[in-house]
Amino acid sequence: MNILSTGEKGSRHLLMGNEAIARGALEGGISVAAGYPGTPSSEIIESLAKISKDHHLYVEWSTNEKVAMEVAAAASFARLRSICVLKQNGLNVASDFLLHLAGSGVRGGMVIIPCDDPGALSSINEGDTRHFARLLEIPLLEPGDFQEAKDMTKWALELSEELQTVIMMRSVTRLSHASGSVVLGDLPEFGAKAEFRHEGFLLDPNEGIVSSAPVEIKHSQQQEKVKKAVEKFETSPFNTYTGPESPELLVITSSACNLYSREAINILDVKDRVGILKLGTTWPLPEKLVAEHLKKCEKILIVEEVIPFMEENLKMLAQELAPQIGQKTLMGKRDGYLPMVNELNPDLVINAISKILGIEYQAVPEEYATGTLQKTFFGAPVREWIFCPGCPHRASYWSINQVLKLDNNQGFVCGDIGCYTIGTLPSGFSTLKTLHSMGSGTGIASGFGKLKPFGMKQPVLSVCGDSTFFHAAMPALVNAVHNKSDITMVVLDNSGTAMTGFQPHPGLEANAEGNDAIKLDIKSVCESMGAYVKESDPFDLDNTREVLFEMLEKKDGVKVLILRQICALSPEKKGKKMFEMAVDESRCKGEKCGCNRLCTRIFRCPGLFWNKEKGTSKIDEAICAGCGICSEICPIGAISKKEVTQ
Amino acid sequence: MKDRIKYDPYNLIITGVGGQGNVMASRVLGNIFSAKGYTVTIGETFGASQRGGSVMSHLRISSESVLSPQIAKGQAHLIVALEPTEALRVLSGYGNENVKILCNKRPIYSGGVISGEQTYPEMDQLQEWICEYAGEVWFIDATDEALSRMKNPIFGNIIMLGALAATGSVPLEREDFEAVIEKSLPESKIGINLEAYDLGYAMIAEN
Ligand code: SF4
Ligand code: SF4
Chain H
0 MNILSTGEKG SRHLLMGNEA IARGALEGGI SVAAGYPGTP SSEIIESLAK
50 ISKDHHLYVE WSTNEKVAME VAAAASFARL RSICVLKQNG LNVASDFLLH
100 LAGSGVRGGM VIIPCDDPGA LSSINEGDTR HFARLLEIPL LEPGDFQEAK
150 DMTKWALELS EELQTVIMMR SVTRLSHASG SVVLGDLPEF GAKAEFRHEG
200 FLLDPNEGIV SSAPVEIKHS QQQEKVKKAV EKFETSPFNT YTGPESPELL
250 VITSSACNLY SREAINILDV KDRVGILKLG TTWPLPEKLV AEHLKKCEKI
300 LIVEEVIPFM EENLKMLAQE LAPQIGQKTL MGKRDGYLPM VNELNPDLVI
350 NAISKILGIE YQAVPEEYAT GTLQKTFFGA PVREWIFCPG CPHRASYWSI
400 NQVLKLDNNQ GFVCGDIGCY TIGTLPSGFS TLKTLHSMGS GTGIASGFGK
450 LKPFGMKQPV LSVCGDSTFF HAAMPALVNA VHNKSDITMV VLDNSGTAMT
500 GFQPHPGLEA NAEGNDAIKL DIKSVCESMG AYVKESDPFD LDNTREVLFE
550 MLEKKDGVKV LILRQICALS PEKKGKKMFE MAVDESRCKG EKCGCNRLCT
600 RIFRCPGLFW NKEKGTSKID EAICAGCGIC SEICPIGAIS KKEVTQ
Chain B
0 MKDRIKYDPY NLIITGVGGQ GNVMASRVLG NIFSAKGYTV TIGETFGASQ
50 RGGSVMSHLR ISSESVLSPQ IAKGQAHLIV ALEPTEALRV LSGYGNENVK
100 ILCNKRPIYS GGVISGEQTY PEMDQLQEWI CEYAGEVWFI DATDEALSRM
150 KNPIFGNIIM LGALAATGSV PLEREDFEAV IEKSLPESKI GINLEAYDLG
200 YAMIAEN
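Line order of the protein sequences matches chains H and B. Each residue of the first sequence is one higher than the one before, counting from 0 in numbering that gives the first Met the number 0. Each residue of the second sequence is one higher than the one before, counting from 0 in numbering that gives the first Met the number 0.
Derived from the structure by calculation, the hints contain no laboratory data. Incorrect hints may have been included.
As the list claims (entries may be wrong) - Here are the simulated PhoX-like pairs of lysine-lysine, each with C-alpha atoms no more than 25 Å apart in a straight line: (1) 150/B - 572/H; (2) 572/H - 483/H; (3) 35/B - 8/H; (4) 104/B - 611/H; (5) 270/H - 5/B; (6) 150/B - 575/H; (7) 104/B - 49/H.
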């Protein structure tokens with residue numbers, strides 16, 4: 000039973016924010032959903048893919064976000080409703096197309112749903128996508144709780160269709176990955192028919208060609224649409240005020256910060272002194288509504304994540320309104336009441352409000368706070384990210400490191416985005432030396448590989464995962480081959496998009512909906528580009544080292560080594576041990592051995608730990624995945640493996 | 000709602016390390032209280048979940064409205080820790096002198112402990128610290144019990160739920176648990192999960 004699919008109108012369920020959005024899209028009558036996996040957004044497409052058959056949907060994990068956007072737009076041009084889902088970085092990837100889509104307009108309702116990650120809980124940036132709304136000149140919505148996440152998705156689809164502009168609805172980790180009560184609405188009948196009309200008058204929005212040119216005409220049409228959106232925003236039920244008639248302080252907030260602000264006001268018990276204007280339509284601001292509320296008091300605090308986006312827009316508006324409503328004091332991030340980086344939480348809002356109102360607040364007695372902090376410092380070692388037990392990347396990086404050392408020419412590796420990003424940390428032997436966006440590792444390597452005439456002699460390597468290969472590394476590889484750059488690209492192929500929960504990609508035989516798909520072979524792709532390609536199993540340490548060494552020796556041109564071994568958490572492997580492992584305590588000499596605990600000190604698989612009392616390493620059977628690699632790491636063969644008969 | 004929560008909202012934190020089934024436990028508990036008619040909000044911090052990071056779920060059980068998915072500092076009523084050093088970590092953010100703690104004693108070593116750069120505290124010392132900063136504490140060997148009796152460490156989280164019921168801190172009955180897993184798990188898995196739950200219940204009740 001799937002609640003998203005069968006849940007009845009009026010019934011109440013505990014839904015994850017992303018599930019609520021998926022249900023909202025269903026209630027809004029979508030036919031097509033496309034996206035590229037990225038935490039915290041992935042569950043939206045995953046939930047819809049699971050029920051696609053029952054609801055006559057087409058759901059796709061696209062090769063990258065730009066293509067996802069184009070796929071969703073095509074549905075809209077054919078008068079179907081669609082959504083495109085991505086994480087914050089994904090919007091950058093799609094933005095070139097989007098700028099044109101904003102100009103061309105849409106036909107069927109189309110909503111783009113970026114899920115931002117304030118605090119970078121699972122990202123290496125905390126980019127704020129709201130800026131794109133202003134850049135692209137498209138309406139921006141932000142749900143303030145779980146119910147709104149559902150209802151707003153539906154409304155956004157309707158509004159987009161009515162105004163014929165694409166609409167952006169932004170979520171954040173603390174909504175997408177949190178859960179709350181949601182009352183379901185009706186599911187529409189499906190049966191929308193796709194047809195692309197293109198033979199009418201050139202500029203006809205419904206029957207002409209779809210294009211952002213002629214720019215002057217289309218651009219002003221777009222601005223007209225935005226104006227109409229604002230008129231709707233003025234009376235939108237997603238903008239609410241709670242609080243006294245004339246508050247001492249007005250909090251203006253949106254998204255998850257709405258929930259933090261409510262919490263803060265409750266804890267400080269200042270409901271009769273502080274009002275909250277929660278905005279669901281955050282760009283452009285509904286001017287009349289905002290003016291109405293700004294009139295209420297002199298002091299205003301803006302609570303938002305991450306950059307002062309609403310704050311800047313509100314300040315501009317307040318300045319324009321000053322002749323009517325008087326000069327107001329708007330506080331927030333620019334004056335330091337709230338931080339400019341990282342996510343917010345109830346405590347940060349408590350802190351800001353209590354400062355403004357002059358209230359003393361202490362969460363716990365000083366003694367308790369410092370006491371627990373001290374004990375945590377000594378007693379709870381910080382947990383850095385590590386590869387899972389049995390992860391193929393640990394073995395791959397082990398070999399890459401050894402070869403670079405042996406080669407002894409200060410060779411280095413340009414990193415990329417996926418689980419293997421952990422290669423920047425000790426658990427990946429600090430192998431990666433640059434780290435940026437998807438596909439950048441190979442692009443940067445391509446550049447490094449052309450610096451010989453400037454005296455650079457170091458070997459240049461890049462790594463990239465299988466999904467990343469298709470997403471954005473292919474153009475970089477083309478560039479390197481075409482321009483005769485000298486690089487070695489290592490493709491860490493673990494048969495899935497492991498980091499985000501094992502979604503399929505073009506290198507696999509099934510698609511998002513679980514149907515047959517055409518598998519593109521990475522090796523043939525690279526060969527057809529003209530690269531020198533070899534494959535190896537990273538668990539075969541000897542062969543991997545040999546091949547890689549050979550590639551470094553072979554100086555000229557582009558070499559690609561594909562290291563293929565399935566992720567330890569893949570459904571095929573999870574919970575199944577290949578080997579039963581044991582440390583022979585009589586042979587392991589630990590610190591007295593020449594290796595000085597090589598296995599636990601350097602290799603650091605969590606399945607293997609150092610038994611201080613005995614002075615030997617020990618397998619932790621609750622954690623070991625039984626991959627068998629550590630037996631090859633131990634130089635004196637003290638770790639034995641015995642094949643498990645399945 | 001026949002049996003009532005002791006505070007409204009009731010703030011419960013489940014904490015552990017990626018791979019211990021933290022999120023699954025919070026979902027099951029959330030569904031149980033939701034089915035009982037409460038308004039539940041769950042906030043998850045599982046960015047690094049599968050990769051050895053600390054994981055934390057904030058569960059807010061209320062008879063009124065949806066709440067912040069992050070609890071404010073010092074506001075936890077109960078902490079369920081699947082790993083003992085994680086109990087300490089959560090205490091320093093969300094604990095207070097009255098907080099109750101149910102704690103699994105099985106350590107999971109961080110990368111730094113495995114490599115010898117960090118040290119993991121002695122278990123006696125760790126228990127002492129946790130007790131010093133909490134109102135009421137229960138320690139159990141959930142993972143060891145799951146390994147020896149059920150041959151699979153992953154049932155540690157369900158054993159903890161059974162134990163939680165036995166502490167009487169929140170209104171949680173065996174039927175509630177059964178009803179929720181019947182909806183979410185395949186039939187073949189129901190028996191073994193109930194077995195784990197009972198095992199956990201007995202670990203507290205028989206002490
Ligand atoms: S999820 Fe897979 S690829 Fe990622 S760290 Fe774990 S084993 Fe490695
Ligand atoms: S066999 Fe060794 S390397 Fe593999 S998971 Fe177990 S302890 Fe880790």
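Cross-check of the supplied hints:
1. 150/B - 572/H: holds (18 Å)
2. 572/H - 483/H: violated (39 Å)
3. 35/B - 8/H: Within the cut-off at roughly 20 Å; holds.
4. 104/B - 611/H: Roughly 18 Å between the alpha carbons, so the hint for residue 104/B and residue 611/H holds.
5. 270/H - 5/B: Within the cut-off at roughly 24 Å; holds.
6. 150/B - 575/H: Distance of about 13 Å is within 25 Å: holds.
7. 104/B - 49/H: violated (38 Å)
In summary, the structure is inconsistent with hints 2 and 7 from the numbered list given earlier, while agreeing with the others.
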